[in-house]
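Those protein sequences? They're chains A and B, same order as listed. Residue numbering for the first sequence follows numbering that gives the first Met the number 0, starting at 0 and increasing by one per position. Residue numbering for the second sequence follows numbering that gives the first Met the number 0, starting at 0 and increasing by one per position.
Keep in mind the hints are simulated off the structure, nothing from the lab. These numbers were taken from a predicted model, which means no experiment stands behind them. Backbone N, C-alpha and C fix where the C-beta goes; we use that ideal spot for every residue, glycine too. Hints should not be assumed to be uniformly reliable.
Unchecked claim - According to the in silico footprint, chain A covers these stretches of chain B (three or more CB under 8 Å from chain A):
# : stretch
1 : 3 to 11
2 : 14 to 20
3 : 34 to 42
Unchecked claim - So the derived label-pair ranges between C-beta atoms look like this:
# : chain 1 : residue 1 : chain 2 : residue 2 : range
4 : B       : L21       : A       : P98       : 51 to 61 Å
5 : B       : V73       : A       : L103      : 43 to 53 Å
6 : B       : P8        : A       : I73       : 25 to 35 Å
7 : B       : A64       : A       : H92       : 51 to 61 Å
8 : B       : I24       : A       : L21       : 32 to 42 Å
9 : B       : P46       : A       : K106      : 52 to 62 Å
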Amino acid sequence: MPSNTPTPPTEPDVDFHIAALLAAAVLPGLGHVVRGERVRGVLAFAGVMLLFLTGLVAGGIDVVDRREDKFWFIGQACVGPLAFGIDWYHQNHLKVVDPNPKGLVIKGRTPLRSAYPNEGRDRTTGLPVGGGTPPNIKSIGKINEIGMLACTLAGMLNVIVIIDAGFPTRRKPRGAA
Amino acid sequence: MFGILAWRPLLDPLPIDDVWYLLLIPIALGIAMAYKAVRVPNIQDYPKQVAVMATQTILAIVGLAVGAYLLIEVVLPIIAPK
Numbered sequence: 000m001p002s003n004t005p006t007p008p009t010e011p012d013v014d015f016h017i018a019a020l021l022a023a024a025v026l027p028g029l030g031h032v033v034r035g036e037r038v039r040g041v042l043a044f045a046g047v048m049l050l051f052l053t054g055l056v057a058g059g060i061d062v063v064d065r066r067e068d069k070f071w072f073i074g075q076a077c078v079g080p081l082a083f084g085i086d087w088y089h090q091n092h093l094k095v096v097d098p099n100p101k102g103l104v105i106k107g108r109t110p111l112r113s114a115y116p117n118e119g120r121d122r123t124t125g126l127p128v129g130g131g132t133p134p135n136i137k138s139i140g141k142i143n144e145i146g147m148l149a150c151t152l153a154g155m156l157n158v159i160v161i162i163d164a165g166f167p168t169r170r171k172p173r174g175a176a
Numbered sequence: 000m001f002g003i004l005a006w007r008p009l010l011d012p013l014p015i016d017d018v019w020y021l022l023l024i025p026i027a028l029g030i031a032m033a034y035k036a037v038r039v040p041n042i043q044d045y046p047k048q049v050a051v052m053a054t055q056t057i058l059a060i061v062g063l064a065v066g067a068y069l070l071i072e073v074v075l076p077i078i079a080p081k
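The following block holds chain A by itself, in its conformation from the complex (with noise of 0.2 Å):
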């Protein structure tokens, strides 16, 4: 015989999850699948994918740059290991060893620079060629700045994603007790 008491409203589990933690900080949004809210996780990666895309595809990979653009990389690198792929392909496949490096050269680290717009890049040894088409093209300009900030910007609210994942709320609406 069903009973005619209404069910207490469950209480969101708002416990510390480091396994959400981790994988927060793995794939934007999976921290959230982890801990059950598929949606929310799937909603909050499609934000941080937007805003990262959005940049790469406005600036170029030439946005992502651990060497030449380092305090904005900090900011990327909090998408997750999806930042440090782009950047390790865009120091390893895209750019060229820099014959005639200018300034600083620090020790045991090969000089890199963009390809010049009438350079190609060797393959095996990634030193430019005279009279090819570059693997990429810098960008500049106002294109560039809004390119870093989209990917920063990404990786910022994707901290918000990890700390929510991690230390999740209960989510009262505003102006309740």
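We have chain A already, so just place chain B on it with the hints.
What follows is chain B alone, placed relative to chain A:
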């Protein structure tokens, strides 16, 4: 026109130097989507709250742009010593 034909996605910057300000729309939308995904108590309200926040962000930035334009082009020429 010809710039976009030669464009290699993700490798080259998007050749939209004349309409760069339109990038405000996906950026505002992305911020609202990511933020509201962790903020809304009820996920049913998500689309409406994202639309409201994105619209507010865009209007605020447009308002700042109009304000900066008026300050530099109208107010400053009046008050600056010649």
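Residue count check for the stretch 3 to 11 of chain B against chain A: does it reach three with CB-CB under 8 Å?
-> holds (count 5)
Is the hinted range of 25 to 35 Å satisfied by the C-beta distance from B:P8 to A:I73?
-> holds (26 Å)
Does 51 to 61 Å hold as the CB distance between B:L21 and A:P98, or does it fail?
-> violated (40 Å)
May I ask you to test the hint 43 to 53 Å on the CB atoms belonging to B:V73 and A:L103?
-> holds (47 Å)
Distance restraint evaluation - B:I24, A:L21, Cβ atoms, bounds 32 to 42 Å | Once the Cβ atoms are compared, 34 Å apart, the range 32 to 42 Å for A:L21 and B:I24 holds.
Measuring from beta carbon to beta carbon, are B:A64 and A:H92 in 51 to 61 Å?
-> Distance hint for B:A64, A:H92 is violated at roughly 39 Å.
For the pair B:P46 and A:K106, does the Cβ-Cβ distance stay inside 52 to 62 Å?
-> With Cβ atoms ~54 Å apart, the hint holds.
Count the residues of the stretch 14 to 20 of chain B whose CB lies closer than 8 Å to any CB of chain A, then report whether that count reaches three.
-> holds (count 3)
Test coverage of the stretch 34 to 42 of chain B by chain A using CB-CB distances below 8 Å; three residues minimum.
-> With 8 residues closer than 8 Å to chain A, the stretch 34 to 42 of chain B meets the three-residue bar; holds.
The structure does not agree with the numbered hints 4 and 7 stated previously, though it agrees with the rest.
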